[in-house]
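Engineer: Sequence:
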Amino acid sequence: MSILRVFAEGAQNVNGGEPPAPGIMEMIISFLPMILLVAVFYFILIRPQRKKDKETKQMLANLIVGDKITTIGGIVGTIIKIKDEKIMIETGSKTEKTVMTLERWAVRDVEKKETAD
Numbered sequence: 262m263s264i265l266r267v268f269a270e271g272a273q274n275v276n277g278g279e280p281p282a283p284g285i286m287e288m289i290i291s292f293l294p295m296i297l298l299v300a301v302f303y304f305i306l307i308r309p310q311r312k313k314d315k316e317t318k319q320m321l322a323n324l325i326v327g328d329k330i331t332t333i334g335g336i337v338g339t340i341i342k343i344k345d346e347k348i349m350i351e352t353g354s355k356t357e358k359t360v361m362t363l364e365r366w367a368v369r370d371v372e373k374k375e376t377a378d
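Start counting the sequence shown at 262; every next residue gets the next number (the working numbering).
Treat the hints with care, since some could be wrong.
[Unchecked claim] Quick list of simulated restraints, FRET-style, between CB atoms:
1) 366 to 302: 19 to 29 Å
2) 311 to 356: 36 to 46 Å
3) 335 to 292: 42 to 52 Å
4) 311 to 370: 18 to 28 Å
5) 347 to 299: 33 to 43 Å
6) 343 to 291: 50 to 60 Å
7) 341 to 292: 52 to 62 Å
8) 355 to 319: 25 to 35 Å
9) 342 to 301: 43 to 53 Å
[What the hints assert, rightly or not] Capping the alpha-carbon separation at 20 Å, the derived lysine to any residue pairs in SDA-like fashion look like this:
10) 373 to 343
11) 318 to 306
12) 342 to 324
13) 312 to 302
14) 373 to 320
15) 344 to 325
16) 315 to 304
Please keep in mind that the hints were generated in silico from the structure rather than gathered at the bench. Bear in mind the structure is a predicted one, so any value in this text is a computation, not a measurement. By construction, the Cβ of each residue, glycine as well, lies at the ideal position given by its N, Cα and C atoms.
With the hints as constraints, model all of the structure from the sequences given.
Structural biologist: Structure follows, in structure tokens:
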């Protein structure tokens with residue numbers, strides 16, 4: 262609906278005339294911007310986030326002993342034991358090793374261990 266049409270209908274109401282009932286096409290056209298906005302939000306925000314969540318869930322499910330990981334806190338280590346939702350990692354140098362127990366969800370990145378050919 263254009264601004265001029267709105268003013269014309271307003272003037273018609275002041276003069277005592279009844280505004281015409283909106284047709285089905287006018288109602289669809291008035292809701293079209295909202296529908297398009299929802300579609301744009303879905304394809305720009307929601308869909309990519311779901312894809313990222315799915316990839317993260319798959320990465321966490323595929324953790325194995327020997328994988329080198331980086332945690333959300335920036336700790337780098339190698340997985341030495343996995344039990345349900347807990348993992349044990351080994352960090353540090355060859356002479357000074359530290360063992361830590363972490364939650365599985367705290368893993369940010371995985372570098373798979375090298376397989377011998």
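Engineer: Taking the hints in turn, state whether each one holds.
Structural biologist: Hint check results:
1. 366 to 302: 19 to 29 Å: At roughly 27 Å between Cβ atoms, residue 302 and residue 366 fall inside 19 to 29 Å, so the hint holds.
2. 311 to 356: 36 to 46 Å: The hint (36 to 46 Å, Cβ to Cβ) holds, given that residue 311 and residue 356 are roughly 45 Å apart.
3. 335 to 292: 42 to 52 Å: holds, 48 Å
4. 311 to 370: 18 to 28 Å: holds, 20 Å
5. 347 to 299: 33 to 43 Å: At 41 Å between Cβs, range holds.
6. 343 to 291: 50 to 60 Å: Holds - the Cβ-Cβ distance for residue 343 and residue 291, about 56 Å, lies within 50 to 60 Å.
7. 341 to 292: 52 to 62 Å: holds, 58 Å
8. 355 to 319: 25 to 35 Å: Since the Cβ atoms of residue 355 and residue 319 sit about 32 Å apart, the hinted range of 25 to 35 Å holds.
9. 342 to 301: 43 to 53 Å: At 46 Å between Cβs, range holds.
10. 373 to 343: holds, 15 Å
11. 318 to 306: Roughly 19 Å separates the two Cα atoms, so the pair holds.
12. 342 to 324: holds, 10 Å
13. 312 to 302: Within the cut-off at roughly 15 Å; holds.
14. 373 to 320: holds, 10 Å
15. 344 to 325: Holds, at roughly 11 Å.
16. 315 to 304: This hinted pair holds, its Cα atoms lying about 16 Å apart.
The earlier numbered hints are all upheld by this structure, with none contradicted.
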